[in-house]
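As given, the protein sequences belong to chains A and B, one line each in that order.
Position one of the first sequence corresponds to residue 0 (numbering that gives the first Met the number 0), numbered consecutively onward.
Position one of the second sequence corresponds to residue 0 (numbering that gives the first Met the number 0), numbered consecutively onward.
Treat the hints with care, as some may be off.
Selected chain B positions facing chain A (in silico; Cβ < 8 Å) [unchecked claim]:
(1) Ser-43
(2) Lys-52
(3) Cys-71
(4) Lys-88
(5) Lys-136
(6) Gly-148
(7) Leu-153
(8) Tyr-154
The hints are simulated quantities; they were obtained by calculation from the structure and are not laboratory data.
For every residue, glycine included, the Cβ atom is placed at its ideal position computed from N, Cα and C.
There are 2 protein chains.
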Amino acid sequence: MMYPKTICNLIECYKKLPGIGEKTAERLALATMDLDDEVIAMFSNSLLDIKTKIKRCNICNNLTEEDTCLICKDKTRNHDVICVVEEPKNIITFEKTGAFNGLYHVLDGLISPLDGINPDDLNIDALIKRIDEENIKEVILALKSSIEGETTSLYISKKLENKGVIITKIAHGIPLGADMDYIDSLTISMALEDRKPLT
Amino acid sequence: MMYPKTICNLIECYKKLPGIGEKTAERLALATMDLDDEVIAMFSNSLLDIKTKIKRCNICNNLTEEDTCLICKDKTRNHDVICVVEEPKNIITFEKTGAFNGLYHVLDGLISPLDGINPDDLNIDALIKRIDEENIKEVILALKSSIEGETTSLYISKKLENKGVIITKIAHGIPLGADMDYIDSLTISMALEDRKPLT
């Protein structure tokens, strides 16, 4: 490499990010030089802050800068329903739809014995504690429809049996507007199985 | 957006980089949180340094942290030949081949009247000064084969007429291993025109 040390360092840092290889890192580092001074300052500060300021919500495990996240604090939301998701970014996806007004619970992963991830590694105990202590009526399991997701859903539903709480799972099926030709057969058989009467 | 302020700021910064949209910026910002503390510190420092430490070489206009770049300082290189390139990153591309041992000159752009870039906006005067003052035998024009590149090559070759220096241009033609079916006709006609005898 013939770039000055600072640029080489920056290229190395960009390369640490997922999906960014040598060429892209080089292009990003060179483009960084053209950014405004204020943007660079904000970029640099945000990087330092992200390790220190960002914490996990002490109720739902969502990302937050305070002890409790904005969603858990929001009195206007429905505090009877908890939607269980894998990662904090899933919350953003659900929030963007505007279709859900309850609370969330972030597991921080899915049960995957092959990868050495057991139920104890996930944030499941805190969920059970919430259901025991708060007046929760429904738990919606909104996990991926993979083997890991299904295993985790099953595990949680077993754990929550006899707690007097309704356990539901989001629907899996054909996405809207999707061309039937390109849908895998497992999804189609799931969609057939979960068919509902129209009249 | 429902992310904490720091993450939102970081997403905004990533979005300022070329080719990075909302989704990718979000993914990068979340991935940044998983980086090691040392990487984050180096990232943050490199960003600040890039505006202050990185300068242009006072001879060839290459990126450097000192007054003169490592290539211009290198006594083992051939100081008789200057390769004229558009951007500093072109130097890296040429250096990677290991096929050139001379000096470089970075123009910082190409003549493009439509974009308001005139010869005066480029680093051409410094090139002429180098040829007047130093003992340069050959100037290799290694610019893009676009209208702007050709215009710039023509302009420089006119300017260097009668300076007792050989002016050459890198060859344009069919790239090695390329399928002839996918080469545009202009490249093929250029390759035909520049054909050379084999015996």
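We went through each hint and held it up to the structure:
Look at Ser-43/B: its Cβ gets to within about 4 Å of chain A, closer than 8 Å, so that hint holds up. At its closest, the beta carbon of Lys-52/B sits 5 Å from a beta carbon of chain A; the interface hint therefore holds under the 8 Å criterion. The interface hint given for Cys-71/B is violated, since its Cβ lies 12 Å from the closest Cβ of chain A, which is over the 8 Å cut-off. The beta carbon of Lys-88/B is positioned within 8 Å of a beta carbon in chain A (closest approach about 6 Å), and the interface hint is therefore held.
Taken as an interface hint, Lys-136/B does not check out: its beta carbon lies about 24 Å from the nearest beta carbon of chain A, beyond 8 Å. Violation of the interface hint for Gly-148/B is found here, the shortest Cβ-Cβ separation to chain A being roughly 19 Å, above the 8 Å cut-off. Using the Cβ-Cβ criterion of 8 Å, the hint placing Leu-153/B at the interface with chain A is not satisfied: the shortest such distance is roughly 27 Å. Here the hint on Tyr-154/B is broken, as its CB sits about 25 Å from the closest CB of chain A, past 8 Å.
Consistency note: the structure conflicts with the earlier hints numbered 3, 5, 6, 7 and 8.
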